[in-house]
Amino acid sequence: MTPFVELVGRAAPLPLANVDTDVIIRIEASVDRQNLGRHAFAPLRYNSDGSERAEFPPNQPAFRGAPILIAGANFGCGSSRETAVWAIQGMGFRCVIAESFGDIFYSNCFQNGFLPIRLSEAAVTDLMAQAQAGAGDFKIDLAGQVVTTPNGTPYRFDIDPLRREGLLEGLDDVGFTLKQMSLIRSWQARDREERPWVWATSGLRKTTA
Amino acid sequence: MATLFDKIWDAHVVHDLGDDWALLHIDRQLLHDLSGPHSLQALLDRGLKPADVDLVFATADHAVSSAPGRTGMTYPPGGRLWTALKGLAADAGVRLFDLGEDGQGIVHVMGPELGLVLPGLTLICGDSHTCTNGALGALAFGVGSTEGVHALATSTLRLRRPKQMRVKLEGRLGRGVTAKDVILQTIGILGTAAGTEHAIEFAGSAVEAMSIEARLTLCNLSVELGARSGIVAPDETTFAYIEGRPFAPRGAEFERAVDHWRRLYSDADARFDQDVALDVSDFGPTVTWGVSPEHALPIEGRTPDPESTPDPGQRGAIQAALDYMGLQPGQPIAGAKVDRVFIGSCANSRISDLREAAAIAKGHKVAATVTAWVVPGSLAVKRQAEAEGLDEVFRSAGFEWREPGCSMCVAANGEQVAPGARAVSTSNRNFVGRQGPGARTHLASPAMAAAAAITGEIFDVRRL
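First to last, the sequence lines map onto chains A and B.
Residue numbers for the first sequence follow this note's numbering, beginning at 1 and rising by one.
Residue numbers for the second sequence follow this note's numbering, beginning at 1001 and rising by one.
Simulated from the structure, these hints should not be mistaken for laboratory data.
Predicted model, so just to flag it, every value in this text is computed and none were measured.
Mixed in with the good hints there might be a few duds.
[What the hints assert, rightly or not] Derived DMTMM-like pairs: lysine to aspartate or glutamate, alpha-carbon spacing no greater than 25 Å straight-line:
#1 B:1163 with A:160
#2 B:1163 with A:99
#3 A:179 with A:158
#4 B:1049 with A:172
#5 B:1007 with A:172
#6 B:1168 with B:1323
[To be verified] Far from chain A, some chain B residues (derived; all Cβ distances over 10 Å):
#7 1018
#8 1173
#9 1174
#10 1335
Backbone N, C-alpha and C fix where the C-beta goes; we use that ideal spot for every residue, glycine too.
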């Protein structure tokens, strides 16, 4: 996974609350893995004839190719589809800032080197206004946990240390946990004694076949 | 002073990772044709196999056709996923409940039905409605496909302990009111972000009085409250439901398990980060008007008027929702003309749902302007319904009786509502484009959906 340390660039505003993962990537488009970026936000981004909607800020020249998205509250609610993260990445975004996120979407971001930042409503309102003004670059410093706006206002954000470290180092969770298999196996050995019914599934495999 | 959630979480901590993070054991992982192939492929590509293949089960539900006589290839794009799931499950040694085989069905319907879901288990699936399974007292939640790889490889996940919320539902359900109406009203009152970053426990006299199938419907929409999981403490109703199911413990082992399960409840002095109580006695049949499950209305209700909404952001969102849905501000929701009716999905496709819908449909005809489908949740539900003659009730009323799967809830199998068409659906999401580009979805109970099919409009089932 590509480490995420620092990001400098423009931010595209998307001032809508509750943008769900069905809107981020339609389910049948999510099968088209090579072109997810093209399908991202389709109902907001394209007219029914396939032409671009000018009202969708990332379609506007000032925001095309911006690496940061400023979104409304509860961004990424709904379906667990991880293709929602891949689709946003496919458009070129590397970070999304909102007041709140859907829980599964939020987790999925960290699995892909993509940074979701939670900030207060007031902070997001200011960021949205500065993004809409198109006044210049935002700077995101993950190690310092600070977003700096074009006018120089710093906003500190919270992030779990484990998640920050994972992004900074580009760590692979699976590789890390595989080193702890002996811990897992000894937990399981105890559990097989305490809750044997949890583990009795293999003996029953043929009864329903 | 532990909550039910605390008891299950704490018992599954393999290793404390600090800062409220834990390496948590996962007792069951379910895979389906949409997210399962990616997780299995990524696992095998790393040269890994499932750490505990006996804890992993797969079925095909999302992208397979529900047409009568379907095969896995009836919908070709889904056929690629189905073929991949079959091949990868075989390569990984994972038990697949394939099309036409006992056990096949919507993953959140077949799991409880087979006894794969038991109280006190941790259970995941690459599907946000995995929260459904909390109805049996399991800690069940949806994950992304990369987290799914981690769980396959290690039988664990690295997780942050969520905050906790209790939703107490007190009182008795009125006539024509189901668990679906209760949870839609609850979402309407609390909002779709109320449970974000929380694990929910549903409690209270109304929940205690519910059947397991009703609790499955209730917990199914936990994620529509923003929570990754929703759970109900197991009780005698739960134990009676589980006993005798194919994968449930038997005999002395069942008794031993029940002894264990009886300890799974929130202590009287347990503390929740949020604790809310609602009286459900006044709830009536409920339907959504807009593009979020929180856009819920009692059937006597009217659509909102953006002009009377002070917040400009909300005003714009309401206007956009009304425009998308083709509705006027302040319009009574009852009477809106309907084109499609869909009875199915992991929210409402179990045998009790089909009985409730059939009881309304019996002796009536689907309105000439409506196309109505019934898609049973599993092969077992389909067979049971056919044994009871429900399929004949539906067919003679003019409904299509179809094969088990997710179908038009998520339209991943090409079964879409046409642009601009209005659907009453027993599913759980009315998002923009969810049932197809431009589709207008109204969520409701099976009885309300059947009433809409017969009358051709959104209609109060109590007036039939």
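Evaluated hints:
| no. | hint | in the structure |
| --- | --- | --- |
| 1 | B:1163 with A:160 | holds (14 Å) |
| 2 | B:1163 with A:99 | holds (17 Å) |
| 3 | A:179 with A:158 | violated (29 Å) |
| 4 | B:1049 with A:172 | holds (17 Å) |
| 5 | B:1007 with A:172 | violated (30 Å) |
| 6 | B:1168 with B:1323 | violated (35 Å) |
| 7 | 1018 | violated (8 Å) |
| 8 | 1173 | holds (27 Å) |
| 9 | 1174 | holds (30 Å) |
| 10 | 1335 | holds (27 Å) |
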